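Reconstruct the complex from the two isolated chains, following the hints.
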Amino acid sequence: MPRTARDVVFVDGVRTPFGKAGPKGMYAETRADDLIIKCIRELVRRHPELPVERIGEVAIAATTQIGDQGLTLGRTAGLLAGLPLSVPGYSIDRMCAGAMTAVTSVAGSVALGAVDIAVAGGVEHMGRHPMGEGVDPNPRIIAERLVDESALVMGQTAENLHDRFPQLTKERSDAYAAASQEKYAKALANGKIQPDLVPVATRNSLESQAGPGWGLATADEPPRPGTTIEALAALKTPFRVRGKVTAGNAAGLNDGATASLIAAEDVARELGLPVKMRLVSYAFAGVEPEVMGFGPIPATEKALANAGLTIDDIGLFELNEAFAVQVLALLDHYGIADDDPRVNPWGGAIAIGHPLASSGVRLMTQLAHHFEEHPEVRYGLVSMCVGLGMGGTVIWENPNHEEYGK
Amino acid sequence: MTDRQSLIEQATAAFPEEVVTHAPVHLLDLPGGAGRFALITLDNGFDHTKPTTFGPRGLINIDVALDEVAKLAQNNEIVAAGVTGKPFIFAVGADLKGIAGAGSKEIAKATGKQGHDTFRRLGELPIPTFAFINGAAMGGGVEIALHCTYRTVSASLPALSLPEVFLGLIPGWGGTYLLPRLIGPDNAVTVIIDNPLSQNRQLKGKKVFELGIADAIFEGADFLEESLGWAASVVKGETVVERKEYPEAEWTAALARGKQIADSRVHGATPAPYLALDLISGARTNSRSEGFDAEDEALADRIMSEEVRSGVYSFNLVQKRAKRPVGAPDRSLAKPVTKVGVVGAGLMASQLATLFVQRLAVPVVLTDIDQERVDKGVRYVHEQLDLLALKGRLNSDKLNRLKALVSGSLTKDAFADADFVIEAVFEELSVKQQVFAELEAVVRPDCVIATNTSSLSVTEMASKMEHPERVVGFHFFNPVAVLPLLEVVRAEKTDDASLATAFAVAKTLKKNAVLVKDAPAFVVNRILTRFMGVVNDVLDEGTPIEVADRALDPLGLPMSPFELLELVGPAVGLHVSETLHAAFPDRFSVSENIRKLVAAGKRGIYQWVDGARVVDPELEALFTVGDSPSTAEQVLDRATSALAEEIDYMLKDGVVAAAEDIDLCMILGAGWPFHLGGVTPYLDRSGVSEKVTGHRFLDKGVASLP
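If you read the protein sequences in the order shown, they are chains A and B. My numbering puts the first residue of the first sequence at 1, with every later residue one more than the last. My numbering puts the first residue of the second sequence at 1001, with every later residue one more than the last.
Any given hint could be a false lead.
Using 30 Å as the maximum straight-line C-alpha spacing, the simulated DSBU-like pairs for lysine-lysine come out as follows [claimed, not checked]:
| no. | chain 1 | residue 1 | chain 2 | residue 2 |
| --- | --- | --- | --- | --- |
| 1 | A | 186 | B | 1236 |
| 2 | B | 1507 | B | 1320 |
| 3 | B | 1050 | A | 24 |
| 4 | A | 192 | B | 1236 |
Just so you know, these hints were derived from the structure itself, not from any lab. Computed from a prediction, not measured in an experiment: that's the story for all the values here.
Bound conformation, chain B alone (with noise of 0.2 Å):
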């Protein structure tokens, strides 16, 4: 006892926040005379808004249970034993702030080993034990069901995973021992790596059942309840799990649909999906211990990774900073929004008034020069409607009511009592001075005035206005529906009220927005667009297509800077680098291989073979290219120390309150991968931020080891 004593006030030290997790045992009996049950339920004492999650302590706590458990089956007091959660949870895995905090491998790897040293009781006492799955579950909050005999899920279950390869780390506690062999290892992959690795998908309880996750599945209504009758069936033996074993041949496949699936999302950016793998793969012949042990060893290394001291950098960025926007004004300064209007009835007014309509569930007011377009945007929005509808987000009355509140109009005197309107026309200064001289002339002194530019100066554009207090930039990305970045742009004399609306409108639309200050084109499109340039600049002094484009894979990014370029348009592309030339010409420059791409019409750099991308063949010819080719080497040092420099000066010019925003930005709005902590992390640690900057980001241990 006084080594455990010991070992609680160790981990009271290490880990002084650690939210415990509370083990009871409550002794039942069975339903149909099965016999007597310790049921163990996993609570931290806090409702369901705050999950239960594993830290040295509550092991501990679960192991003391284990012990009482262990002893009563010793002594023939019951017949089988359980866990399940608190109502709605059954427990989310691993307190990340413990992972994050530990300072040495032995730390790392005494962490890996008390779960496994814990949980592995469940699954090695001389009764059968159950997991009840009655809440989400993730991470070690699997593992320990993974442990159990048996396992039943509730239908109502909203989301089990184990995500640990999406922030860079394994499932440590077992589940890359236990899974593959309960469920298969073609399953197991889809569970341990392609999940994660898309967008870090979650299984509802049907699925669960369905990939042998669960033995059994039961309504939320009386899961418990019938999950211990369950229980009791299996006791007494009228019920039989039969349990498959899988052949060498399908474990080959498995490992190769993963390596597949890692190999096209990380392109060999990060260890953690093909560790994975290698553990997954050792699970077809290694005993127990030697699956565990192989866990923790590859569990320390990766907790002592960088990659995953970004990752758990990254995941608290957008769970916690992505929720509360710094520098935000107060929230009670917002005014209600109960009209919407949008300037322009083209793609982007399109998908603005749709995303408006959808969320704010107001009437919507789009406007343009002539009745084909309006009413071709008021068509656009019923569709993307209809859509959803079809999908089963929006019942037909929901549809009924977002279709009516839809219209359209020639003039802007529908904007009269409205109380926001948000313009999308044309990227020319003077057309968005012309479109809110318009606006201010029908709508009323308080209502926002929103611009959507990418690029320009949202303050020029105000600055022939009488109430340019009310005008704020809304810089959303393509596609609208689907990026959750939005840049709030403060231009020069934007008041509180404004800005709180804004915020608050972007809250309701489910966005999360970031304060900007009115710098040309912000934050994200500054970034992509001096990083582009830099691969255009050795595109045209040389450099082949394919090693310029490909220069950056290393960092493992969602899609290669010509790809992105096709994504946006090569247009747009050249319209931002245009802007941005014209602020700092030192630091970004027009390519004219670009601009005889837009000249020729093209998409893009490439076209797309059998879904195989290939160089367009007639750029050779399109295309003036100098004779100084840089290796990949070369093109990837040039641009992350562009990058470095670029962010220095915005974070110097106070374009973000702190670099967290920068990498808060470059996560959300291009998808930039958790394992590089957005961006800054990664300059950190490869060292281009001293070498360009003189100076760190961020300091060591934000985002990196200690």
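Chain A on its own, in the form it takes in the complex (with noise of 0.2 Å):
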């Protein structure tokens, strides 16, 4: 029986304000489970025109699948979420790239014809959950020499991600980084962030570090507006002696949930959703763990040669800022400015904060709406690195540009 791939669309994203992890982060004792649960109604709430039954699959990542991020959270979320029972759900897991991956996965069900219409999203409360909790690496992963000890601590791949490319300087870095800051306040300024909020109220106990009661999480809390070059470059370097990553010019320990709506083109125009994005191609690469960093390189190769485009072809990105270093290692490889105002133009998650497994869904949503605001690019990118070594990148097309579709 010959098969026709449909065209996949990004149909909406929304996410949770991002908190700092800890115990006087915003959502201390709010449970992720919740995060995600708000996001997923939030969808729903914002388009009526979806029949809800018509939702083929929940898949949830996030990466630390234990207690309220575990139980198979695509399915307790999508229940908990009023979702109709007959709509099934899954869990995923690609560390940092899990929002992303959601995306990739159900867009392959959806291509194929299996769904039509699926909610993708992630979600990490890192504060709960710190990274690390409960592994249990297997010690031939030491024994046998596999990977460099480094591999597991994402801090020292960042700070081996500057040895292996000497010209990514700390001070490009941090300027890098100062820039991030500096781009996100004037998006806030400017109203551009906002929209993309789902309030959350969160509790927190009498004895709460964070002030007892309930608040509403209305905005991003990691922020910090302000920051210089200067400022940063008196950070230390925490995971190496003289080093050059800090806490300044690398995303923080954050919490937090995104969810968007993927759907099949023609479903979408049958049902009158919004299409903010095609989805061109994707492409998963692997790399030495050690550097992780350099992961978005080859998959961004893959990605552009499965899609038949180069680099040039690309008029937006939204790259994940793991690490300043990481993005300025793919910045430099395409021979694009550090400072390039299609890169990253309401800044990143230096910035906003990186809530491990939900972030590829930000970076999405907010490429949509930089369509949006750019009808002149046809084509964009979102990229991440990811833990143990890999990258993701995922190539968009812009429906407002006038050769959409042609």
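Shown next, in the form of structure tokens:
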């Protein structure tokens, strides 16, 4: 039986405000599953034209699938969000690229015709689930020197990337980081950030260090507006003595969730759902785990090749800023300037935060906004590095472009 | 500040065990740029199993929070403020221990005034206020919400009520003034009068919204987020809530309906509903302060009344003592029950089988003497289960499961692997002994054998058995599915393991078990029969039926003695009175006229014509009566004296552990009202106990004013 792959589109994306992980963070006593549930409900609320029983899959990513991030989160979150019992769901884990993988995974199902519409998203509550919680690495990893010991400590892999590319200096990283904060502050002041946010009620017990009682999270907690290059230069380098990676030129430890609606383009048109981006291609690639920040480069190469495009065809970039150096590595590779306005126009994870498995959908949601503002751009990409030496890249087409669909 | 410090010290001294509610204020930004909002969370620091209540120190905390909110409002730092609860609980009202502890009217009045003075600030700030009713809300919890300008409610809300009248109180922190003006007098009568007097009926979220108590309703999953979003739209003027005025005619009609409800439920026996109606009536024209002052006065009077002390005592019996039966053996001794046998397939047996299969979900076998009866019994259980499914209480899978668990058998061999067998055969000692002998031949030696006898001696029933230690009395009340009481009878040789199993089964059946001694007719039937005996006696002596039957109206019992006789069935009533007469001939008589009534096959004294009761006209010819009629007062005096005498004998004989158990039995098994405290608090306060027995049943202050 001949098959035709269906076009897959990004309908909409939302996220919770991102919080600082830890006992003083705004989500200190808020459950991870509640964060993702609020996102799913908001998507449904924003699209009354969507018959919820048409949702064919709920794919939710989390890196640490324990406790309130466990129990097959995609299924439990769907149930708790009030989706019909007939809607199935599952969990995804590709560490930082969790939500990205949720999107590409359901996109495959949509393209194949197995699913018409899917919810894809991710959550990471790094306060309740610190990195490395419950991990049990196989002792062969060390015994057989399969990977460098530093591979499991993300900050050390970023230092390793500085080693590999000596031209990526600490000064360049700090300058990039300060610019990220500045771009975010400007976008916030211009009201760009707020529309994607789902307010989350936060409840703290009487003993809470974050202040007792119910509150409402309506804004990101991590950004540090006014951060200067000079201030960044003075920060400690916790991963290596006299190193280059600091808390200021890397994303922090954060809590947050994202969710998106992914659909077959014809179904979206039939239902009157918005079509914000069309999926062109995607790719994941592996690299040496100790330089995991290099991962986006081969992933992007593959994705471009799959699409039959070159880097010159890409007009907008949403790159995850796990570490400034890892973004710079990709930019340098393609000869793009550190301050190229096509890159992360509203700032990135260094300012906003990076709740691991949730970030991929944030990149996509923001790219969709950039597309609306830039109908002259036909293609954009989102890319991120992934722990244990991987990268992931997704290329999207702008429906606002005059040659869209031609 | 020192004033407040000394207030706190006074409050602590007066009510040291208060579980103090905190009221942290959290500032947040409303969605959509609507402005800053101060949110107060009512939280006692425990999880939802210990609901938030209001005592004097908790009210001070709320007052302090409102100081902060008022200051923020004054400085234009906030655009609105709100109140919500900890997860799953909004607030369940005044701490009853604090209320019942008030030693003087001044203190009682101060309690009311403190609530008003605190809560009313929410309605008198220069900014709008919101209550987000996220979970259970009762009494003062509802009232703090009513003081706010607007309210939202969670669609998942399990219970909201103003239960005060149920306890003999009145809603005294603004409820009677604010509620009728908000939702109209007729709906207010439903919430303040009708619901509390209908087994304290609770409202769910949807109904709270429909009645107009809440202005908006949101699903539980993101209730607070949506509520704050709604508050933002109100603040911005995008949402406008219209308030109605209710014309005088509606007030008049509502109050008349309220009076009718009160009359039909309490027959004037407790003043609470009538006082509440007066307050509702006043709300139409009173100013806020007048309305609140009237509540303070009425509440203080009620707190200082015997009925309320008895009401709180009853409430605690049902909430606490009923859940931890006094004298029950250690739970760990109970053996698992994986199969149940029911001897007999008649109506009672079928009701028991229904209850057992529904609650235990284990195989239940009914036996009887012929296939037709067995089939009828099984069919009855299946029909009852179908009815539960129709009501939505069972889904089809559970229905299939439970139906498949019920079977019938002509032989008792089917009980061979049962862990618990109950008999509900004819009330005749020799028949019961025969059944027990047959059972013992087939069941395991450790199988618990229970009898549902209402009046026979369990010890005698077990006397011819090889293993009498496994026999217990398991006395249900009709209708089995409805009445929560189970008298668990320890016979002479009953061992702890069998008794523990019986209590464990009772708990799974969701019945409140009370341990009773194997004494004739146990507790409820003995007291009711003694009481009925007086009514029958005065009837036989020539007192007119209506006088005899109405004489006890001042007690506010759920039904009159002859209505009760009809419910029980004259034949059963007669049988119990004969049993008790045989045991205690001096105190229990057998009425010749009731004998005649039974012989004539009558179902009762009354006939029901168009819903009204009239004395059966044939009785005049049927009955033989004397010529020494009593007045209603004389009947009441004789009946209550007989009660006091009988209860005294029962306590001396150790039928139950304490007077509290008598009261618990009368409340749960006979539906005797809270405001009587069951019965002994009433006998104490009316002086009957001391007159008849020379002593009170309960110390002063236990269920009465100190």
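Consistency of the hints with the structure:
1. A:186 / B:1236: Roughly 26 Å between the alpha carbons, so the hint for residue 186 (chain A) and residue 1236 (chain B) holds.
2. B:1507 / B:1320: The given pair, whose Cα atoms are some 14 Å apart, holds under the 30 Å limit.
3. B:1050 / A:24: Since the Cα atoms of residue 1050 (chain B) and residue 24 (chain A) sit roughly 26 Å apart, the hinted pair holds (cutoff 30 Å).
4. A:192 / B:1236: Judged against 30 Å, a Cα distance of about 22 Å means the pair holds.
When each numbered hint is compared with the structure, no violation occurs for any of them.
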